[in-house]
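**Student:** Heads up, the sequence shown is in our numbering, so the first residue is 35 and it goes up one at a time.
The reader is advised that the hints may include incorrect statements.
Unchecked claim - Derived lysine-lysine pairs resembling BS3-like cross-links, with alpha carbons at most 27 Å apart:
1) Lys375 to Lys108
2) Lys296 to Lys108
3) Lys69 to Lys343
4) Lys341 to Lys213
5) Lys296 to Lys375
6) Lys69 to Lys375
7) Lys248 to Lys188
8) Lys69 to Lys248
9) Lys108 to Lys346
10) Lys341 to Lys108
11) Lys213 to Lys108
These are computed hints drawn from the structure, not numbers from a lab. No experiment lies behind these values; they were computed from the predicted model shown.
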Amino acid sequence: MSALRTLAGQTAIYGLSSIVARFLNFLLVPLYTSKFVFEPAEYGVVTALYSWTALLNVVLTFGLETTFFRFANKDHVKDNPDGGRVLYSTATWGLFFPALAFMLLGSLFSQPLAEGLHFAAYASSVLMLVLIIGIDAITAIPMARLRQEGRPWKYAFINLLSVGVNIGLSLFFLLYCMKRYNMGESNALIDAVYDPSLGVGYVFAINLVSTAVKLLVLLPSWPRFGGLNKELLRAMFAFGAPLMIAGLAGMVNETADRVILKYLLPADVADSELGIYGACYKLAVLITLFIQAFRMGAEPFFFSHAKEKNSKETFARIMNIFVAVCMCAFLVVMLFLDLFKWFIPNPAYHVGLRVVPILMLANVFL
């Protein structure tokens, strides 16, 4: 029972920050999908480009987050402070250089990338997305270290700070500037700071700023470069490679629909249909909130309790509770879908609501 209480406590704190952060982002959906902000075709661009984020994050982190937890719980690391510092430095720098190369190449070839994705008019958005993905990869190990050290409150603060910046800028540039400008209610402030030609690019620009804030907050805990151990890094990559492949397979199941939908539909309706699908997909996030919170607390917990005598029985009980909570969340959303649908205020999006139960169950099975 003490082990279950430990997991519940960590899940509650990590989950609170994750749930609050994702729920606050969820509350941006009414803003993105309201009239005078983004029509379905414009929101389809946001949906399509962001669908690549999760896939590329899995590749760029190379399974080293979970690998970091595994190596951190080895006896020679747990009992040796220098071993922990070397592990942290090796993992952090091991992800830094590939992410840096990704950002440099993505910046140089943002226009060809945009054309290859059939978004030639959105090269600046593709460039910003590349930078967002790269910075996310760079901050992965410092954030994982906070979880490994049992510092959920700092972890929560950093996440909520980043989300707070995102929401604040979104409210100003989208709700105040963009919506008023599109309604013909411009003023001196809007004329000074708002560029209507950027359009959906504001979503990516705002996200880039909030991601950069997270990086700045983590810089004081950044490891020195001299601590990188090449032999350890090879061992970590060898351990992380199967995890990366498994994670990529799972992420393909989760995001492939939004990646390929644009290419399966006629060009004249693809962006609009993808925008409708993406907005309705956001309603399924209500069940993924708990799943993400559970994962944040479960990964370090499972590794630290794997050698205990009754670990299998404990893990089995956890699985039963997990499935029960997921199904309760599914029933709540289905019973009150007529209310939840108004989080998408523009009725033009409501034609896609029939996919919500399918997506919610799919997230449980994943």
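**Student:** All the hints need checking, so say for each whether the structure fits it.
**Tutor:** Hints and how they fare:
{"no.": "1", "hint": "Lys375 to Lys108", "verdict": "violated (48 Å)"}
{"no.": "2", "hint": "Lys296 to Lys108", "verdict": "violated (46 Å)"}
{"no.": "3", "hint": "Lys69 to Lys343", "verdict": "violated (58 Å)"}
{"no.": "4", "hint": "Lys341 to Lys213", "verdict": "violated (56 Å)"}
{"no.": "5", "hint": "Lys296 to Lys375", "verdict": "holds (24 Å)"}
{"no.": "6", "hint": "Lys69 to Lys375", "verdict": "holds (15 Å)"}
{"no.": "7", "hint": "Lys248 to Lys188", "verdict": "holds (12 Å)"}
{"no.": "8", "hint": "Lys69 to Lys248", "verdict": "violated (31 Å)"}
{"no.": "9", "hint": "Lys108 to Lys346", "verdict": "holds (20 Å)"}
{"no.": "10", "hint": "Lys341 to Lys108", "verdict": "holds (11 Å)"}
{"no.": "11", "hint": "Lys213 to Lys108", "verdict": "violated (54 Å)"}
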